[in-house]
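Protein chains: 2
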Amino acid sequence: MKEHLYLKIANTLAEQIKNELLKTGDKLPSLRTICSEHGISMNTATQAYLELESKGLIISRPQSGFYVSYKPSGLQVPTVSKPAEAHLNESVEKLIGKVFYSLNDTSVTRLALGIPENELLPIAKLNKALVKATRTLAGSGTEYENVQGNLNLRRQIAQHSFSWNSKLTENEIVSTAGTMNALSFALMTTTQKGDTIAVESPVYFAILQLAKSLGLKVLELPTHPIYGIEIGALKKVLPKIKACLLVSNFNNPLGSCMPDEHKKEVVKLLSEKNIPLIEDDLYGDVYFGKSRPVPCKFYDEAGTVLWCGSVSKTLAPGYRVGWTAPGKFKDKIIHQKLIHSVSSTTVTQEAIAGFLENGRYENHLRNLRKHLHSNSLQFTRAIAEYFPEGTKISHPQGGFMLWVELDKKINTAELYDIAIKHKISIAPGRMFTLQNQFNNCMRLSYGQKWTWEIDNKLRLLGKLINQLL
Amino acid sequence: MKEHLYLKIANTLAEQIKNELLKTGDKLPSLRTICSEHGISMNTATQAYLELESKGLIISRPQSGFYVSYKPSGLQVPTVSKPAEAHLNESVEKLIGKVFYSLNDTSVTRLALGIPENELLPIAKLNKALVKATRTLAGSGTEYENVQGNLNLRRQIAQHSFSWNSKLTENEIVSTAGTMNALSFALMTTTQKGDTIAVESPVYFAILQLAKSLGLKVLELPTHPIYGIEIGALKKVLPKIKACLLVSNFNNPLGSCMPDEHKKEVVKLLSEKNIPLIEDDLYGDVYFGKSRPVPCKFYDEAGTVLWCGSVSKTLAPGYRVGWTAPGKFKDKIIHQKLIHSVSSTTVTQEAIAGFLENGRYENHLRNLRKHLHSNSLQFTRAIAEYFPEGTKISHPQGGFMLWVELDKKINTAELYDIAIKHKISIAPGRMFTLQNQFNNCMRLSYGQKWTWEIDNKLRLLGKLINQLL
Numbered sequence: 122m123k124e125h126l127y128l129k130i131a132n133t134l135a136e137q138i139k140n141e142l143l144k145t146g147d148k149l150p151s152l153r154t155i156c157s158e159h160g161i162s163m164n165t166a167t168q169a170y171l172e173l174e175s176k177g178l179i180i181s182r183p184q185s186g187f188y189v190s191y192k193p194s195g196l197q198v199p200t201v202s203k204p205a206e207a208h209l210n211e212s213v214e215k216l217i218g219k220v221f222y223s224l225n226d227t228s229v230t231r232l233a234l235g236i237p238e239n240e241l242l243p244i245a246k247l248n249k250a251l252v253k254a255t256r257t258l259a260g261s262g263t264e265y266e267n268v269q270g271n272l273n274l275r276r277q278i279a280q281h282s283f284s285w286n287s288k289l290t291e292n293e294i295v296s297t298a299g300t301m302n303a304l305s306f307a308l309m310t311t312t313q314k315g316d317t318i319a320v321e322s323p324v325y326f327a328i329l330q331l332a333k334s335l336g337l338k339v340l341e342l343p344t345h346p347i348y349g350i351e352i353g354a355l356k357k358v359l360p361k362i363k364a365c366l367l368v369s370n371f372n373n374p375l376g377s378c379m380p381d382e383h384k385k386e387v388v389k390l391l392s393e394k395n396i397p398l399i400e401d402d403l404y405g406d407v408y409f410g411k412s413r414p415v416p417c418k419f420y421d422e423a424g425t426v427l428w429c430g431s432v433s434k435t436l437a438p439g440y441r442v443g444w445t446a447p448g449k450f451k452d453k454i455i456h457q458k459l460i461h462s463v464s465s466t467t468v469t470q471e472a473i474a475g476f477l478e479n480g481r482y483e484n485h486l487r488n489l490r491k492h493l494h495s496n497s498l499q500f501t502r503a504i505a506e507y508f509p510e511g512t513k514i515s516h517p518q519g520g521f522m523l524w525v526e527l528d529k530k531i532n533t534a535e536l537y538d539i540a541i542k543h544k545i546s547i548a549p550g551r552m553f554t555l556q557n558q559f560n561n562c563m564r565l566s567y568g569q570k571w572t573w574e575i576d577n578k579l580r581l582l583g584k585l586i587n588q589l590l
Numbered sequence: 122m123k124e125h126l127y128l129k130i131a132n133t134l135a136e137q138i139k140n141e142l143l144k145t146g147d148k149l150p151s152l153r154t155i156c157s158e159h160g161i162s163m164n165t166a167t168q169a170y171l172e173l174e175s176k177g178l179i180i181s182r183p184q185s186g187f188y189v190s191y192k193p194s195g196l197q198v199p200t201v202s203k204p205a206e207a208h209l210n211e212s213v214e215k216l217i218g219k220v221f222y223s224l225n226d227t228s229v230t231r232l233a234l235g236i237p238e239n240e241l242l243p244i245a246k247l248n249k250a251l252v253k254a255t256r257t258l259a260g261s262g263t264e265y266e267n268v269q270g271n272l273n274l275r276r277q278i279a280q281h282s283f284s285w286n287s288k289l290t291e292n293e294i295v296s297t298a299g300t301m302n303a304l305s306f307a308l309m310t311t312t313q314k315g316d317t318i319a320v321e322s323p324v325y326f327a328i329l330q331l332a333k334s335l336g337l338k339v340l341e342l343p344t345h346p347i348y349g350i351e352i353g354a355l356k357k358v359l360p361k362i363k364a365c366l367l368v369s370n371f372n373n374p375l376g377s378c379m380p381d382e383h384k385k386e387v388v389k390l391l392s393e394k395n396i397p398l399i400e401d402d403l404y405g406d407v408y409f410g411k412s413r414p415v416p417c418k419f420y421d422e423a424g425t426v427l428w429c430g431s432v433s434k435t436l437a438p439g440y441r442v443g444w445t446a447p448g449k450f451k452d453k454i455i456h457q458k459l460i461h462s463v464s465s466t467t468v469t470q471e472a473i474a475g476f477l478e479n480g481r482y483e484n485h486l487r488n489l490r491k492h493l494h495s496n497s498l499q500f501t502r503a504i505a506e507y508f509p510e511g512t513k514i515s516h517p518q519g520g521f522m523l524w525v526e527l528d529k530k531i532n533t534a535e536l537y538d539i540a541i542k543h544k545i546s547i548a549p550g551r552m553f554t555l556q557n558q559f560n561n562c563m564r565l566s567y568g569q570k571w572t573w574e575i576d577n578k579l580r581l582l583g584k585l586i587n588q589l590l
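Which chain is which? The protein sequence lines are R and G, in order. Under our numbering, the residues of the first sequence are numbered 122 to 590, in order. Under our numbering, the residues of the second sequence are numbered 122 to 590, in order.
Check each hint, because a few of them may be wrong.
Copies of the same chain look alike in the list, so a pair counts if it works inside one copy or between any two.
Straight-line C-alpha distance at most 27 Å; calculated DSSO-like pairs for lysine-lysine [said to hold, decoys possible]: (1) K338 to K451; (2) K584 to K513; (3) K544 to K530; (4) K333 to K449; (5) K215 to K449; (6) K449 to K314; (7) K333 to K451; (8) K338 to K363.
Calculated from the structure, these hints are not laboratory results. All of these numbers come straight from a predicted model, not from anything done at the bench.
With the hints as constraints, model all of the structure from the sequences given.
Take a look at the structure:
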C-alpha cells in the first residue's frame with residue numbers, strides 16, 4: 122500500500138536522524154534518488170518527506186533540496202532580555218576593541234567575524250563589473266558622483282526591493298558608504314545630543330558605539346530570540362524616545378525576525394507619535410525560508426521609516442556600497458551625506474549597479490543562502506554534540522549569527538581570553554549590551570565555509586567551556 | 122656691448138607685454154630660441170629674462186619656461202575682511218544649494234566648479250592602477266580594509282610628504298574618504314555641540330555647513346588675500362575657541378598662503394593653549410612657486426595639529442581618497458572612522474597607493490601645476506581686459522581659485538542669476554561667510570583647460586557686470 126510505503130520510508134529516515142546517522146545540516150537524498158532507490162513513485166517519495174517535515178525533522182529549501190533540521194534535546198532557545206537604562210562603559214569598549222582587532226589575525230578561526238568568507242563571494246564577476254564601470258563612467262569614475270548616489274545603482278536597488286513587494290523608486294533612495302554609514306546619517310538627521318533612542322537587546326555593538334559618539338542615550342528593549350522586541354515594552358518608552366533603531370530581519374546577534382504583524386504594529390505605534398524608525402535591514406536578503414521577509418518599511422505610509430541596507434554582507438564588504446530609503450527625511454539625509462563625505466566612491470557604486478543587473482544578484486544570493494543555511498545547521502549540530510548540557514541556542518531563519526547561552530557560571534569574556542590562545546575568536550555577549558547582562562552568552566558567526574577544521578574548533582570550544590564548569 | 126644687447130632685448134619684450142602683444146599667461150620663447158633669433162649667447166638671453174623678471178613682467182616656472190605675468194593697472198588685491206559673529210542663515214543655504222546643484226549641468230561654463238577638468242587627470246594610468254589593485258588585494262578588494270587605512274597608501278602619503286621635509290610615518294596617518302570626511306572626523310573628535318571654532322574669512326562654504334550641522338559656533342577671522350589670517354585677531358579669540366580650522370596653503374576661495382613665520386606663530390599660540398589646529402592642506406601640492414609651502418603641521422611639536430589632505434583636487438575626486446595625520450588625536454580619529462563608516466573603499470585606496478609609487482604623482486603634479494598656473498594668468502589677463510575698472514583680484518600662488526571683488530553696487534547673488542541664463546556659473550561671495558559681507562565678491566575657478574570659449578564667457582561676464590553698474 123502506498124500509505125504504508127511512504128510511512129515506512131519516513132520512519133526509517135526518522136530513525137537515522139534520531140540516531141544521528143543523518144546529522145543536522147546534512148542534505149537528504151533527492152526525491153529522484155529516493156524514487157529509484159526504493160522503486161517508488163515521485164508522489165510517494167514526496168509524501169515521505171512531507172511527513173518528516175511535518176514532524177520538524179527536516180526542512181526544504183527552494184531549488185536546493187531537503188536538509189536534516191533535528192534539534193536534539195537540551196538546545197533551548199535563549200532567554201528574553203530584561204534590560205534597564207545604562208551606559209557603555211570603558212571595560213566593555215576595551216572588550217569590543219580587543220575582539221575587533223583580533224579579526225585581523227587570519228591564523229585564528231574567526232567565529233567572531235560577521236561577514237561571509239571570500240569563497241562565498243562572486244569575486245571574478247565583481248572584478249569584471251569594476252572594469253566595465255571604468256569604461257562606462259565619465260572620467261572612468263574619477264569624477265564626483267551625484268550627491269544622492271549613482272542613478273543606475275539606485276534604480277537596481279529599487280528593482281531588487283520588488284522582492285518584498287516594495288513600491289520604492291530610485292528617487293526615494295540615497296546611496297551611502299555601507300549600512301553603518303547610513304545609520305550614522307539617519308541618527309544625525311533624526312536626533313540631537315542628549316536624546317534617547319530605543320534599540321533591541323542584545324544589540325549590535327557598533328550601534329551602541331555610534332549612539333555614544335553622538336551623545337545619545339540608549340534604551341534597550343526586551344527582545345525575544347525568535348520574534349524580536351516586545352511591543353508592550355516599546356509602548357511604555359514611547360514618551361521618552363526620539364527615534365527607534367531596529368534590525369528587523371535576522372537581527373545581529375540574536376537572529377530574531379519580527380513577524381509581519383509586529384512590524385505593522387511597530388510602524389503604526391511610532392508613526393502615530395511621529396517617531397522615526399531607523400530600520401537596519403542588512404540581513405533581509407539572507408533568508409532561509411521560502412521568501413524574503415518584508416521590512417517595516419513595507420508598512421510605512423507616513424514616510425517615517427528610514428530603511429537601510431547594503432551589499433556588505435552579501436557581495437563586497439570593502440566596496441562600501443550601502444543605501445537608505447529615508448522617507449520624508451530624504452533631503453536632510455542628502456545634506457548630511459554632502460557635508461560629511463561629499464559623495465560616494467563613484468566606481469564601486471557603478472560596479473555594484475552593473476552586477477545587480479539581469480538577475481545576477483538573485484542567482485548569487487540563492488547560493489549564498491543555501492551555504493549559510495547549511496552552515497547554520499552544521500553549527501547547531503556540532504554545538505548540540507560538543508557543548509555542555511543545558512546550552513541554549515538561537516534558531517536563526519536567516520543571517521550569519523548564532524546566539525549561544527551557556528551556564529550562568531561561565532563568563533564568556535574569560536572564555537574569549539582562553540579560546541583566543543587556542544586560535545578561536547568568539548564575540549562575548551557583554552559586547553552587545555549596555556547592561557550587566559549576557560555575561561554567559563556569546564555570538565558565533567557561521568559566515569565561513571563549513572570544514573572539519575571548524576568542526577574541530579567547535580569541539581575544542583566545547584571542551585574549554587566544560588573545563589570552566 | 123653685451124649689456125646694451127640684453128637691455129635692448131628686454132625693453133623690446135617689455136613694450137610687447139605692455140602693449141599686450143604678449144598677454145599675461147602667454148609663454149615666452151625659450152632661451153634657446155631667443156639665442157638663435159637674436160644671435161646672442163645664452164648668458165645674454167638669461168640676463169634679458171632676469172631683467173624682465175625683476176620688473177615683475179614675467180615669471181619663471183621650473184622645468185617649464187617663462188610666462189608673462191604683467192598685472193595691468195586697476196587690478197588691486199581684494200580688501201581684508203572684518204567679520205563679527207553670526208549664523209548660517211537659510212537664504213545663504215539656499216544660495217549654496219542653487220550654485221552647487223547647477224554644477225551637474227555640463228552645458229554650463231562652470232566657473233563655480235572647484236575641481237580640475239578630466240583632461241588634466243591621468244585617467245588611463247589610474248584605470249591601470251585600479252585593475253592592478255584588484256590583482257594585488259586579498260579578495261580583489263572585496264574585503265574590509267584595516268580601519269586605519271591601506272598600509273601602502275599611508276606609506277606613500279608619508280613619503281610624498283618628504284616634499285615639505287615632513288618626518289611623518291605611515292603609523293601617524295589615517296586614511297579617510299576625502300578631505301571633507303577628514304575635517305568631519307577631526308571636528309567630531311576635537312569639539313562638542315555648542316563649542317566655538319575659528320576659521321578664515323571668506324571660508325569654504327562646506328566648512329560652514331559642516332560646523333552648523335555639528336552645532337558649532339563659528340568665528341571668522343579677518344583674512345588677508347595674500348598672507349591669510351591676521352594673527353592679532355586670532356590671539357584675541359583664543360579664550361573663546363575650542364579648535365581652529367585653517368586652509369593654510371592657497372585657501373579656497375581667497376588663494377591666500379600663510380607665510381612660514383605666521384604658520385609657526387599660529388602653531389605656537391594654539392598649542393600653548395592646547396587648542397587643536399585642524400589644517401586643511403588640500404591645495405598645498407598645487408603651488409606655482411619653486412617649492413611646496415610647508416603646512417602648519419611642519420611646526421607641530423605637541424601633536425595638536427590635525428593635518429588633512431586628499432587626492433580629490435589633483436587625481437580623482439570620485440575615488441574618495443583622503444587622509445589626516447592627527448597627532449595625538451589618532452586613536453580617537455580611528456574610532457570615529459570605525460563607527461561612522463567602518464572602513465574606506467578598499468580598491469580605490471590601493472589604486473592610489475599604486476599610482477603614487479615611483480614618482481608618478483610628482484610627474485603628474487608638475488604638469489598640473491603648469492597648466493593651472495598658466496590658466497590663472499590667462500584668467501587674470503581676461504578679467505583685466507573685460508571687467509570694469511576698479512575690479513580687484515587675488516594673486517593666488519597656487520590652487521584653483523580666483524577671488525574677485527567688484528564695485529560695491531554689484532550684488533553677485535543677482536549676477537549669478539543673470540549669468541546662469543547665459544550658461545555661466547559663478548560662486549557668489551556671500552556663500553563664503555556667515556556675515557553680511559562679500560556681496561560684491563565672487564569666486565572663479567580656473568580648473569578647466571583654457572580655451573577661447575572660456576575667454577568669450579569671461580568677456581560676456583564682464584559685459585553683464587558692466588550692465589549692472
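Hints, verified against the model:
1. K338 to K451: Result: close both inside a copy and across copies, 24 Å intra and 26 Å inter.
2. K584 to K513: For K584 and K513, the Cα distance is within 27 Å only inside one copy (16 Å; across copies 80 Å).
3. K544 to K530: Within one copy only: 23 Å inside a chain, 74 Å across chains, cut-off 27 Å.
4. K333 to K449: Classified as both; 25 Å inside a copy, 21 Å across copies.
5. K215 to K449: between (38 Å within a copy, 19 Å between copies)
6. K449 to K314: both (21 Å within a copy, 25 Å between copies)
7. K333 to K451: Classified as both; 24 Å inside a copy, 19 Å across copies.
8. K338 to K363: Both. Shortest intra-copy (10 Å) and inter-copy (24 Å) distances satisfy the 27 Å Cα cut-off.
Checked against the numbered hints given earlier, this structure breaks none of them.
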